[in-house]
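Peer 1: The listed protein sequences derive, respectively, from chains A and B.
Adding 8 to a residue's 1-based position in the first sequence gives its number in the numbering used here.
Adding 193 to a residue's 1-based position in the second sequence gives its number in the numbering used here.
Zero decoy hints are in this set.
Partial chain A-side listing against chain B, Cβ under 8 Å, derived:
no. : residue
1   : 106
2   : 120
3   : 122
4   : 126
5   : 134
6   : 136
7   : 231
Quick list of the computed label-pair ranges, beta carbon to beta carbon:
no. : chain 1 : residue 1 : chain 2 : residue 2 : range
8   : A       : 200       : B       : 246       : 34 to 42 Å
9   : B       : 264       : A       : 107       : 30 to 38 Å
10  : B       : 236       : A       : 165       : 48 to 56 Å
11  : B       : 265       : A       : 200       : 48 to 56 Å
12  : B       : 332       : A       : 135       : 22 to 30 Å
13  : B       : 247       : A       : 161       : 47 to 55 Å
14  : A       : 216       : B       : 330       : 32 to 40 Å
15  : B       : 267       : A       : 216       : 46 to 54 Å
16  : A       : 135       : B       : 349       : 29 to 37 Å
17  : A       : 141       : B       : 330       : 26 to 34 Å
18  : B       : 342       : A       : 165       : 50 to 58 Å
19  : A       : 140       : B       : 247       : 46 to 54 Å
20  : A       : 217       : B       : 250       : 36 to 44 Å
21  : A       : 188       : B       : 265       : 53 to 61 Å
Derived from the structure by calculation, the hints contain no laboratory data.
Where is the CB? At the ideal position from N, CA and C, for every residue including glycine.
So the chains spell out like this:
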Amino acid sequence: MSVYLTIDGKTIEAAPGATLIDVAADNGVYIPSLCYMRGKPCLGTCRVCSVKVNGNLMAACTVKVAAGMEVAVDDAEAADFRNALVEINFSEGNHNCPSCEKSGRCELQAVGYELGMVASRFPYRFAKRSREDAARHFFLERDRCIFCQRCVEFVRDEETGRKIFSIDARGWKAEIVIDVALADRMTGERAAEVAEMCPVGCIIEKGRGYDDPIGKRKYEIKSLRQRVLDGETA
Amino acid sequence: MSRRSEADTTFAHDLPATPMDPDAMAAREDKIQVAMIALCGCWGCTLSLLDMDENLLALLQKVNINRSSFTDIKKIPVRSAIGFVEGGVANEENIETLEHFRENCDVLIAVGACAIWGGVPAMRNMTPLAGCLREAYVDSVTRPLEQPPTIPYHPDIPRITKQVYPLHEVVKIDYFIPGCPPGAQVIRKVLDDLVNGRPFGIPAAINRYD
Ligand code: SF4
Ligand code: SF4
Ligand code: SF4
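All chains, please: the whole structure from these sequences, using the hints.
Peer 2: Here it is in structure tokens:
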């Protein structure tokens, strides 16, 4: 049994209970997001996938489709809301892309490009956050963290099932912390996956550096939009 | 130390100059006037404009670049349609120059990471100014050892601001071209759109922050 909903006025057939952000992608409608990873549970932290559902702003990764739902992605208010959320991340942390190893592979940067962002409307804060290099595989460049919580929820010690990353403190004092002893038990391959999962250049894999030349980096080879529309996990 | 009196000061733009060829001047008059400057930047963005190579010739059919580092004209000589500003605001002179641009240009474009949010020079925003000056002039291993450590201070040297500021925190900015530097094709797209009356826009395929 399928349900019928509309996205930007177009009638779409979907499986009941499917996630709206996936249904949109499968029907050629790109909805940006920074925390959602297709195939994994919804985190709902970044709100960048906000669209209008029956007139109300909702994060598309948190919405299960239902019959008769009217979804507006191409809506001025929703688009401005998404843009503002992306821009605030650039103001909140320090994003000097030319000196960032993640540049060209960074989802925050790629979403900025997709939304046509040229500058942030919010004052740049120049936040002072400590760096850390204690773990065997990782640097933590905390002033780039956007608190998506992917590392908190999706990275666990294989043996004990314990979390390796967590968020310490709240508000402007919040910072990501790493359990170094557990993190050091990871294999190099797993560590590479974890660094790749961080949507920004906060969890950086030691020894990788700027290995892909400009023009041949991840989102230059294939854009973030195209990856999402092809059903890939960004 | 006292500020030198105005009577002792001669500005380059007040010096006698060879009159321009009237035909060349007439040909420029109808063109769209563009003024350019670098504030606290590295001139990389300005160089990137030159990277548009032969496309620059097509653009120059429509525009005339007046005040700029290429022409060595020090003040904006006529009201200009477009002001192209690279670099952020890091001292008093930057503020004065930026205000001169705002007063004399219809549209101001912030070009590059430095102009948009401070860029590389804004790395000093993480440290109090006194610490930056001490690092550069007192504790620096490359300072001249034969003289006592001195932080330069003279009325003729513009005082530096406590932080490096984006242009739009000082004057109104109409358009932004990100990148460090923006690629020549992006600069070309924006200028070409503006001089041909098309709306501003940077497609994802060429938008870059590095
Ligand atoms: S994390 Fe992304 S947006 Fe931030 S500096 Fe690095 S590449 Fe740029
Ligand atoms: S470190 Fe990376 S993955 Fe973890 S919360 Fe910050 S941005 Fe998200
Ligand atoms: S944005 Fe980059 S290239 Fe342009 S002036 Fe600043 S440092 Fe130089």
